[in-house]
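2 protein chains.
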Amino acid sequence: MKRPICSKATLGRLPLYLTYLRTAEIGETVSASHISKSLSLGEVLVRKDLNAVCGNGKPKIGYHTDALLKKLESILGEHHTLPAVIVGAGKLGSALLGFEGFDAYGLKIIAAFDSRIEQRDSAVYPMEQFTHFCMMQDVHIGIITVPVNSAQEICDLMVRSGITAIWNFAPCVLQVPKSVIVQQENLALSLAHLTLSVRGATINQEE
Amino acid sequence: MKRPICSKATLGRLPLYLTYLRTAEIGETVSASHISKSLSLGEVLVRKDLNAVCGNGKPKIGYHTDALLKKLESILGEHHTLPAVIVGAGKLGSALLGFEGFDAYGLKIIAAFDSRIEQRDSAVYPMEQFTHFCMMQDVHIGIITVPVNSAQEICDLMVRSGITAIWNFAPCVLQVPKSVIVQQENLALSLAHLTLSVRGATINQEE
Chain Y
1 MKRPICSKAT LGRLPLYLTY LRTAEIGETV SASHISKSLS LGEVLVRKDL
51 NAVCGNGKPK IGYHTDALLK KLESILGEHH TLPAVIVGAG KLGSALLGFE
101 GFDAYGLKII AAFDSRIEQR DSAVYPMEQF THFCMMQDVH IGIITVPVNS
151 AQEICDLMVR SGITAIWNFA PCVLQVPKSV IVQQENLALS LAHLTLSVRG
201 ATINQEE
Chain C
1 MKRPICSKAT LGRLPLYLTY LRTAEIGETV SASHISKSLS LGEVLVRKDL
51 NAVCGNGKPK IGYHTDALLK KLESILGEHH TLPAVIVGAG KLGSALLGFE
101 GFDAYGLKII AAFDSRIEQR DSAVYPMEQF THFCMMQDVH IGIITVPVNS
151 AQEICDLMVR SGITAIWNFA PCVLQVPKSV IVQQENLALS LAHLTLSVRG
201 ATINQEE
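First to last, the sequence lines map onto chains Y and C. Start counting the first sequence at 1; every next residue gets the next number (my numbering). Start counting the second sequence at 1; every next residue gets the next number (my numbering).
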């Protein structure tokens, strides 16, 4: 499995660059310093971002606007939206299913699956249909929002169904083949890190 | 506002160290290499983590077990749970309200607030009570899960109510005084970063 081509922070700024290149009046070439001034972003940062997606620009010229545009569109999936599915249609799963914002990254959560379907929700399907659905819709991205005690079982099902990238919200380490990547999401940890300064804990570092 | 004393990754491993120090039979001192072997973690990693929370250990001796324990307990809020509140009791807000896992970091989401209270949920309060509740309960951590068009208004209310750390799930940049820290959560970006490899985008990097 390839490593991501850029950091999460860089990826987060790519929609800005794409919108800028599309809306501003730019010639055949564009430089990192020009983009950095227009977007009020640090020049070093912009240079690093563009380098990650499109290699080094030419000295004193910069990038060919068209080439940069195409690269950004390709990474952000402008012409090729990737489908994803959720297993676990509880509160969190339903929240993600209804979330706007995936569009900007060429992603679409097209269905959720659950062993209990409590209400008539057209986007929530019974578990029995999972494998067939993934195969038919060519889905390779799965999101796990089930309780921890069934997470590994769901993970195994996903792998058998052709899922190669799993976003896991259950607080456990999943066992997967090497060809599958798992990203563990720990929301509690995100909040804890934010609140360290509120706690006012100090360190013994000499600096 | 102080910077966090350690990285999110380090913070994520601290509960492991705490549990280990409490359950294993350890003498008055303990070394990073001993902990690393016991937990099957890289020694460099453990050394870096412990250095961040408790400074350098003594050569060939390591850390005083008691001091290390106390430091971990203090950072993880073992004896001092911090309360947090949510504004926006929709699907995501409700999911966070019911989330287990904050305990390990000494955090507790004690209430959610919403302008519309649809069902009789004892942990969801009307917005009018927000400021009074925060003052009375000494709450300094706020979570925003409202739609983007009301996020800044809620943020302003939080600041006026004594909140100093805000975890923002609305996709917008919040304006706050310098004394307040904001962490922007972009769930779409997390998924997008994970799926870059599925997209198979490549880069022009020479390496």
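Warning: the hint list may mix true and false statements.
To be verified - Calculated lysine-lysine pairs in the DSSO-like style (CA-CA distance at most 27 Å, straight line): (1) C:8 with Y:8; (2) C:48 with C:58; (3) Y:58 with Y:70; (4) Y:178 with C:8; (5) C:37 with C:70; (6) Y:70 with Y:91; (7) C:58 with C:37; (8) C:60 with C:48; (9) C:91 with C:8; (10) Y:91 with Y:8; (11) C:91 with Y:8; (12) C:178 with Y:91; (13) C:58 with C:108; (14) Y:48 with C:60; (15) Y:60 with Y:48; (16) C:91 with Y:37; (17) C:178 with Y:8; (18) Y:178 with C:37; (19) Y:8 with C:70; (20) C:108 with Y:91; (21) C:91 with Y:108; (22) C:8 with Y:91; (23) Y:58 with Y:108.
I should point out that these hints are in silico values taken from the structure, not numbers from a laboratory.
Structure-based check of each hint:
Pair hint residue 8 of chain C plus residue 8 of chain Y holds up; C-alpha atoms about 15 Å apart against a cutoff of 27 Å. Proximity of residue 48 of chain C to residue 58 of chain C is assessed by CA-CA distance (about 14 Å); at most 27 Å being required, the pair is judged to hold. A C-alpha spacing of about 17 Å is found between residue 58 of chain Y and residue 70 of chain Y, which places the hinted pair at or below 27 Å, so the restraint holds. Our distance criterion of 27 Å between C-alpha atoms is met by residue 178 of chain Y and residue 8 of chain C, whose separation comes to about 25 Å.
At roughly 22 Å between alpha-carbon atoms, residue 37 of chain C and residue 70 of chain C fall within 27 Å of each other, so this suggested pair holds. Restraint check: the Cα-Cα separation between residue 70 of chain Y and residue 91 of chain Y comes to about 38 Å, which exceeds 27 Å; the hinted pair is violated. Note on residue 58 of chain C and residue 37 of chain C: the hinted pairing holds, with a Cα-Cα distance of about 18 Å set against a maximum of 27 Å. Restraint check for residue 60 of chain C and residue 48 of chain C: satisfied, since their Cα atoms lie roughly 16 Å apart, inside the 27 Å limit.
Using a Cα cut-off of 27 Å, the hinted pair residue 91 of chain C and residue 8 of chain C holds, with the two alpha carbons roughly 26 Å apart. Distance hint between residue 91 of chain Y and residue 8 of chain Y is fulfilled; the C-alpha atoms sit about 26 Å from each other, no more than 27 Å. With a CA separation close to 25 Å, the supplied pair residue 91 of chain C and residue 8 of chain Y stays within the 27 Å bound. For the proposed pair residue 178 of chain C and residue 91 of chain Y, the alpha carbon gap of about 34 Å is over 27 Å, so the pair is violated.
For the given pair, residue 58 of chain C sits about 36 Å from residue 108 of chain C by alpha-carbon distance, which is inconsistent with the 27 Å threshold. Our distance criterion of 27 Å between C-alpha atoms is broken by residue 48 of chain Y and residue 60 of chain C, whose separation comes to about 42 Å. For the hint linking residue 60 of chain Y to residue 48 of chain Y, the alpha-carbon distance of about 16 Å falls within 27 Å, and the restraint holds. As the CA atoms of residue 91 of chain C and residue 37 of chain Y are separated by approximately 39 Å, the hinted pair breaks the 27 Å bound.
Restraint check for residue 178 of chain C and residue 8 of chain Y: satisfied, since their Cα atoms lie roughly 25 Å apart, inside the 27 Å limit. Our distance criterion of 27 Å between C-alpha atoms is met by residue 178 of chain Y and residue 37 of chain C, whose separation comes to about 24 Å. In summary, the hint linking residue 8 of chain Y to residue 70 of chain C is not supported, as the alpha carbons are separated by about 34 Å, beyond the 27 Å threshold. Between residue 108 of chain C and residue 91 of chain Y the CA atoms are separated by roughly 19 Å; this keeps the pair inside 27 Å, and the hint holds.
Annotation: proposed proximity of residue 91 of chain C to residue 108 of chain Y holds, straight-line Cα distance about 19 Å (limit 27 Å). Among the hinted pairs, residue 8 of chain C with residue 91 of chain Y is consistent with the structure: their alpha-carbon atoms are about 25 Å apart, no more than 27 Å. Note on residue 58 of chain Y and residue 108 of chain Y: the hinted pairing is violated, with a Cα-Cα distance of about 36 Å set against a maximum of 27 Å.
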